[in-house]
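The listed protein sequences derive, respectively, from chains A and B. Throughout the first sequence, residue numbering follows full-length UniProt numbering, covering 1 to 141 in sequence. Throughout the second sequence, residue numbering follows full-length UniProt numbering, covering 1 to 141 in sequence.
To be clear, the hints were calculated from the coordinates, so they are not data collected in a lab. Given the structure is predicted, the values throughout are model-derived calculations rather than measurements. Please note that a few of the clues may not be correct.
Stated by the list, open to error - Between beta-carbon pairs, the in silico distance windows are:
(1) R99/B x T61/A: 28 to 34 angstroms
(2) R24/B x G76/A: 47 to 53 angstroms
(3) E130/A x S97/B: 39 to 45 angstroms
(4) E118/A x E130/B: 33 to 39 angstroms
(5) R44/A x T121/B: 45 to 51 angstroms
(6) R44/B x R99/A: 21 to 27 angstroms
(7) E130/A x R99/B: 35 to 41 angstroms
(8) R44/B x R71/A: 35 to 41 angstroms
(9) R59/B x E130/A: 23 to 29 angstroms
Here a beta-carbon is modelled for each residue, glycine too, at the ideal position from N, C-alpha and C.
2 protein chains.
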Amino acid sequence: MTKDVAELGAELRSAVARIYSRFRSERSPGEVAEAALMVLTWLRKHGPLSLGELSERARVTPGSMSQTVNRLADDGHVVRERDPDDRRRVLFVLTPSGRVVAENSLRHRENWLNGQLEALTPQQRRTLAEAARLLRQIADS
Amino acid sequence: MTKDVAELGAELRSAVARIYSRFRSERSPGEVAEAALMVLTWLRKHGPLSLGELSERARVTPGSMSQTVNRLADDGHVVRERDPDDRRRVLFVLTPSGRVVAENSLRHRENWLNGQLEALTPQQRRTLAEAARLLRQIADS
DNA sequence: TATTGTTATACTCTATAACTATA
DNA sequence: TATAGTTATAGAGTATAACAATA
């Protein structure tokens with residue numbers, strides 16, 4: 001039993017590393033990188049979020065997130081706005097260019113992955129959907 | 001149908017990013033980082049490998065791999081040896097300290113993940129095993 | 001000429017520690 | 001004092017391009 005678990009762990013670790021690296025390499029010129037794309041995706045979905053909210057979602061330190069949004073701000077994809085109710089907080093707002101870049105980047109990367117997924121059987125897709133749920137649960141534990 | 005696939009793609013992408021980030025953050029002081037650990041693991045399993053072999057396995061460019069092994073060599077975990085049969089090739093050999101670090105790093109990271117996997121049902125573990133196979137297949141396509 | 005590997009340069013992502021501004 | 005955010009510094013990982021050595 002324990003041996004099976006250890007084997008599964010090793011398989012999982014290397015499969016995740018491999019697919020993640022493939023995700024990253026699917027990035028084309030003009031598209032934003034992974035971590036930045038996630039930020040744009042969240043802002044598009046939820047509207048303005050503070051630095052603290054972004055760093056919690058990404059599970060990185062505030063210092064790290066501050067630098068990620070700095071890169072986005074330098075490129076004009078987000079702007080900072082002070083929260084009028086609590087002037088310590090900074091809200092990050094998607095700009096029109098940020099929205100365009102987010103949508104282009106997402107569309108392109110989804111095209112590749114979705115093509116792969118379409119080629120699977122419905123049963124295999126259900127397996128991946130359940131696995132995604134389990135991985136997220138483990139990661140968040 | 002297509003909508004389901006798109007949703008699955010988004011789920012998968014974010015779940016993979018999340019669990020990968022968690023894998024990375026399980027690193028303790030004194031342990032080697034992810035990419036370097038993979039190199040040590042391969043050398044331990046297969047014996048000396050050339051730069052080209054390492055970069056193919058990792059699916060990174062030779063230039064990138066050269067820098068990863070430079071870090072390992074700086075720390076004394078691997079040594080370079082010229083291949084006597086083809087003096088263009090460089091073979092990387094695990095040192096005793098490299099073996100110790102590899103084993104400690106692997107043991108510690110496996111402990112955490114294996115604990116998580118033990119808490120799942122056998123059925124859930126089968127799902128993850130199948131998913132690992134599918135992800136690897138997609139990544140290598 | 002072709003292959004193998006290295007180095008220089010640059011970019012992304014991450015963390016920690018020291019700092020500022022506001023509550 | 002406590003909280004929210006920023007900046008400086010550092011390290012890991014990646015890519016590309018120019019280069020050297022060997023086949």
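Against the structure, the hints:
{"no.": "1", "hint": "R99/B x T61/A: 28 to 34 angstroms", "verdict": "holds (33 angstroms)"}
{"no.": "2", "hint": "R24/B x G76/A: 47 to 53 angstroms", "verdict": "violated (30 angstroms)"}
{"no.": "3", "hint": "E130/A x S97/B: 39 to 45 angstroms", "verdict": "holds (42 angstroms)"}
{"no.": "4", "hint": "E118/A x E130/B: 33 to 39 angstroms", "verdict": "violated (18 angstroms)"}
{"no.": "5", "hint": "R44/A x T121/B: 45 to 51 angstroms", "verdict": "violated (36 angstroms)"}
{"no.": "6", "hint": "R44/B x R99/A: 21 to 27 angstroms", "verdict": "violated (48 angstroms)"}
{"no.": "7", "hint": "E130/A x R99/B: 35 to 41 angstroms", "verdict": "holds (38 angstroms)"}
{"no.": "8", "hint": "R44/B x R71/A: 35 to 41 angstroms", "verdict": "holds (38 angstroms)"}
{"no.": "9", "hint": "R59/B x E130/A: 23 to 29 angstroms", "verdict": "holds (27 angstroms)"}
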